[in-house]
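These protein sequence lines are chains A and B, in that order.
The first sequence finishes on residue 350 if you use the numbering used here, and the numbering steps up by one all the way, no holes.
The second sequence finishes on residue 392 if you use the numbering used here, and the numbering steps up by one all the way, no holes.
Wrong hints could be hidden among the right ones.
As the list claims (entries may be wrong) - Here are the simulated DSBU-like cross-link-like pairs (lysine-lysine), alpha carbons at most 35 Å apart as the crow flies: (1) Lys341/A to Lys252/B; (2) Lys210/B to Lys52/A; (3) Lys124/B to Lys210/B; (4) Lys345/A to Lys301/B; (5) Lys59/A to Lys210/B; (6) Lys151/B to Lys124/B; (7) Lys179/B to Lys210/B; (8) Lys179/B to Lys148/B; (9) Lys179/B to Lys51/B; (10) Lys285/A to Lys124/A; (11) Lys104/B to Lys146/B; (12) Lys252/B to Lys285/A; (13) Lys210/B to Lys345/A; (14) Lys124/A to Lys238/B; (15) Lys179/B to Lys285/A; (16) Lys179/B to Lys52/A; (17) Lys179/B to Lys151/B; (18) Lys345/A to Lys285/A; (19) Lys50/A to Lys51/B; (20) Lys150/A to Lys59/A.
Said to hold, decoys possible - Far from chain B, by Cβ distances over 12 Å, these chain A residues were calculated: (21) Tyr86; (22) Met127; (23) Thr278; (24) Trp298; (25) Phe318.
Because the hints were derived from the structure by calculation, they are not lab data.
C-beta atoms are modelled at their ideal positions from N, C-alpha and C, and glycine is treated no differently.
As a plain string of letters, each chain reads:
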Amino acid sequence: MEQLVSALLIMIIGVLACAAYFYASNWLLDVLFPSKNKPADIVAKNIHITNTVRPWLFIGPALIALTFYLIYPVIESIRLSFLGRAGEEFVGFDNYAWLFSSDTFYQSFKNNMLWLIVVPTASTFFGLIIATMTDKIWWGNIAKSLIFMPMAISFIGASVIWKFIYDFRSGDDAQIGLLNAIVVFFGGEPQAWITVPFWNNLFLMIILIWIQTGFAMVILSAALRGIPSETIEAAVLDGANSIQIFFKIMVPQIWGTIAVVWTTITILVLKVFDIVLAMTNGQWGTQVLANEMFDWMFRGGGDFGRGAVVAIVIMVLVIPIMVWNIKDVNKEMEGR
Amino acid sequence: MMAVSSSRSSLMWVVHITVFILVVMWTVPTAGLFISSIRDKDQLSVSGWWTALSVSEQRLVARSEHPDKQVFSSDGRYEIRGNILEHQDSSITKFGSSSLRPDEFDVGVVAQLKGGKTLQVLENGDYIYSSPEQWKGKRGKRIFYTANIPPRFTLDNYREVLTSEGLAKSFINSLAVTIPATIIPILMAAFAAYALAWMKFPGRALIIAAVVGLLVVPLQMSLIPLLKTYNLIGEFFGVGSKGYIGIWLAHTGFGLPLAIYLLRNYIAGLPGEIIESARVDGANDFEIFSKIILPLSFPALASFAIFQFLWVWNDLLIAMVFLGNNEEQLVLTGRLRELLGSRGGNWEILTASAFVTIIIPLCVFFGLQRYLVRGLLSGSVK
Numbered sequence: 015m016e017q018l019v020s021a022l023l024i025m026i027i028g029v030l031a032c033a034a035y036f037y038a039s040n041w042l043l044d045v046l047f048p049s050k051n052k053p054a055d056i057v058a059k060n061i062h063i064t065n066t067v068r069p070w071l072f073i074g075p076a077l078i079a080l081t082f083y084l085i086y087p088v089i090e091s092i093r094l095s096f097l098g099r100a101g102e103e104f105v106g107f108d109n110y111a112w113l114f115s116s117d118t119f120y121q122s123f124k125n126n127m128l129w130l131i132v133v134p135t136a137s138t139f140f141g142l143i144i145a146t147m148t149d150k151i152w153w154g155n156i157a158k159s160l161i162f163m164p165m166a167i168s169f170i171g172a173s174v175i176w177k178f179i180y181d182f183r184s185g186d187d188a189q190i191g192l193l194n195a196i197v198v199f200f201g202g203e204p205q206a207w208i209t210v211p212f213w214n215n216l217f218l219m220i221i222l223i224w225i226q227t228g229f230a231m232v233i234l235s236a237a238l239r240g241i242p243s244e245t246i247e248a249a250v251l252d253g254a255n256s257i258q259i260f261f262k263i264m265v266p267q268i269w270g271t272i273a274v275v276w277t278t279i280t281i282l283v284l285k286v287f288d289i290v291l292a293m294t295n296g297q298w299g300t301q302v303l304a305n306e307m308f309d310w311m312f313r314g315g316g317d318f319g320r321g322a323v324v325a326i327v328i329m330v331l332v333i334p335i336m337v338w339n340i341k342d343v344n345k346e347m348e349g350r
Numbered sequence: 011m012m013a014v015s016s017s018r019s020s021l022m023w024v025v026h027i028t029v030f031i032l033v034v035m036w037t038v039p040t041a042g043l044f045i046s047s048i049r050d051k052d053q054l055s056v057s058g059w060w061t062a063l064s065v066s067e068q069r070l071v072a073r074s075e076h077p078d079k080q081v082f083s084s085d086g087r088y089e090i091r092g093n094i095l096e097h098q099d100s101s102i103t104k105f106g107s108s109s110l111r112p113d114e115f116d117v118g119v120v121a122q123l124k125g126g127k128t129l130q131v132l133e134n135g136d137y138i139y140s141s142p143e144q145w146k147g148k149r150g151k152r153i154f155y156t157a158n159i160p161p162r163f164t165l166d167n168y169r170e171v172l173t174s175e176g177l178a179k180s181f182i183n184s185l186a187v188t189i190p191a192t193i194i195p196i197l198m199a200a201f202a203a204y205a206l207a208w209m210k211f212p213g214r215a216l217i218i219a220a221v222v223g224l225l226v227v228p229l230q231m232s233l234i235p236l237l238k239t240y241n242l243i244g245e246f247f248g249v250g251s252k253g254y255i256g257i258w259l260a261h262t263g264f265g266l267p268l269a270i271y272l273l274r275n276y277i278a279g280l281p282g283e284i285i286e287s288a289r290v291d292g293a294n295d296f297e298i299f300s301k302i303i304l305p306l307s308f309p310a311l312a313s314f315a316i317f318q319f320l321w322v323w324n325d326l327l328i329a330m331v332f333l334g335n336n337e338e339q340l341v342l343t344g345r346l347r348e349l350l351g352s353r354g355g356n357w358e359i360l361t362a363s364a365f366v367t368i369i370i371p372l373c374v375f376f377g378l379q380r381y382l383v384r385g386l387l388s389g390s391v392k
């Protein structure tokens, strides 16, 4: 109870402090440079001043936060990648040399590539199939809502859910994990799935696919509804069957949206961390870059140089998408 | 014509069945978690959750009453009587007196044991252990039995995780982290978005491009530099480097690009005449923003609020880096991760804890799905 009160209090103070900044700074501006009940030339001058200052009052906190939390760290990470463990002595390209000779990095990189190929493809594929089919049936919205649900579940919660499914009991004990129970039901041999090399990567990926398919489905479903019905009716009149209509008429028209879904999931996959940490912590050949980076950050007091190098690898993989996004927005802005 | 419509309806059947199978595949994992979390923990550990509604046969062991309680019966034997069942709804089918043959005798028979002793166990758990000599020993005798146990559901698992595993505390911590970390970025982003959409100042296009670029910067780039800076700030002020304010601001910084992007798109799409006419009437930008733009932007604000709420509530990485690992600061996701390590095999603890951590997001999700979908669409489809 006491904890609840103090938590409540600190929340209110935090939020009020933020609101107070905006209110007070704007009030101060209007008091210092009033635009009412003054001679016309002073009013004109004051309006000019307030119009120049006010945008920065509005955008200032956001700019400071963005700079401190995103822009400065990017630059600092690059600097740290040339420094040693504690981030003090200059070591040149040592960290990069370590990176390319490290077996664990090679393995993480390979696994990340596997994640990048499998997860966006599978999520988009299932999302597209489900979006198409649910649009045709009367209980489609309920189905969509249920498939979308895992989106709300945390990665760590999802990991517990799936760890329970992959659970393994040795000996003659009854299997309480669903997967092994099914395997046993069909006469197979139960296994500790998350320790089986290579395939365990896929078992971890299934968790993310389970979460992300709903996202792909929602967006693709909206895009499919945006397809002009004349194009489909014309194809029907020309005698096209459902499969042809799907692949030759519908998919090409929503290609742009498919790309957006794909890249969004790709960015997410590059940062996948919680699932690997909770399921295997990188053992049995399942290490990925984000978890390796976290590992170096804290292992044995932390090696900031090596951690920063791994972070930079993730960043470099994102840059193509970033450039593409910025170009896109610039094009849109010019159109205005 | 007949052929066409019948092939059409059979195709519809395929669609119905396929969607049904997919829905089952997507919901069964969560359903299994929930069902397991309300099962009796002894049943949970020996049978799959899909058998939760069926009577389960379990081999169990109990002890008879203490030898002190023996009575000398009229037929000249020493007897210990009692009942071995914990719950009266179970029924015993077999019993035995040795661990090698726990199901040696059928229920009801008077088993002849060595040394002239006899043991009888009835279906309802009543037993008579009788011996020609006086019972000795400090503890009761072991009785092995096989019982049919009806399905049993309980909230004990929840009671345990909320109290002794400390989830109730973590729940409050999660709220204390999440609510300000949702409201603060919305406030900042709304002001910034308005400025970027409707105010003229140098560098506007550059800032918009930067925001779009920052949308995809991986969190991992920020962790090490921020950890260092936080430690420095903590040392400088002589306070701990891990606290609520630090994590609120971190979530604010990481959430801002998406918030500004979404809100700017929305606010820029509002009709310009409203703003112009308010300006002509002498309102300044602060008044226009707070009295006109903010109320009109409610749908976009709600969409982002849901995103940010889910993201902060579900976050593990930032909480692990910027919050301490102690009782006072552990949030739900961090607590669940700890339990995965320390209580790895205790599924009654893990399933109940996991459900406690996902219940709020699920409520938000099902309650406000409309806004969530709208937000997703405005963020991804241009």
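Hints versus structure:
1. Lys341/A to Lys252/B: violated (39 Å)
2. Lys210/B to Lys52/A: holds (25 Å)
3. Lys124/B to Lys210/B: At roughly 100 Å apart (the allowed maximum being 35 Å), Lys210/B and Lys124/B break the hint.
4. Lys345/A to Lys301/B: Between Lys345/A and Lys301/B the Cα gap is close to 32 Å, so the pair holds against 35 Å.
5. Lys59/A to Lys210/B: Holds: Lys59/A and Lys210/B sit about 17 Å apart, inside 35 Å.
6. Lys151/B to Lys124/B: holds (14 Å)
7. Lys179/B to Lys210/B: Status violated; Cα separation ~48 Å.
8. Lys179/B to Lys148/B: With a Cα-Cα distance of about 43 Å, the restraint between Lys179/B and Lys148/B is violated, given a limit of 35 Å.
9. Lys179/B to Lys51/B: This hinted pair holds, its Cα atoms lying about 23 Å apart.
10. Lys285/A to Lys124/A: holds (14 Å)
11. Lys104/B to Lys146/B: holds (26 Å)
12. Lys252/B to Lys285/A: Roughly 23 Å separates the two Cα atoms, so the pair holds.
13. Lys210/B to Lys345/A: Holds. Lys210/B to Lys345/A sits at ~20 Å (cutoff 35 Å).
14. Lys124/A to Lys238/B: holds (30 Å)
15. Lys179/B to Lys285/A: holds (29 Å)
16. Lys179/B to Lys52/A: Judged against 35 Å, a Cα distance of about 57 Å means the pair is violated.
17. Lys179/B to Lys151/B: violated (43 Å)
18. Lys345/A to Lys285/A: Holds - the C-alpha atoms of Lys285/A and Lys345/A are around 28 Å apart, at most 35 Å.
19. Lys50/A to Lys51/B: Violated: Lys50/A and Lys51/B sit about 73 Å apart, past 35 Å.
20. Lys150/A to Lys59/A: Cα-Cα ~63 Å, so violated.
21. Tyr86: violated (7 Å)
22. Met127: holds (16 Å)
23. Thr278: violated (6 Å)
24. Trp298: holds (15 Å)
25. Phe318: violated (5 Å)
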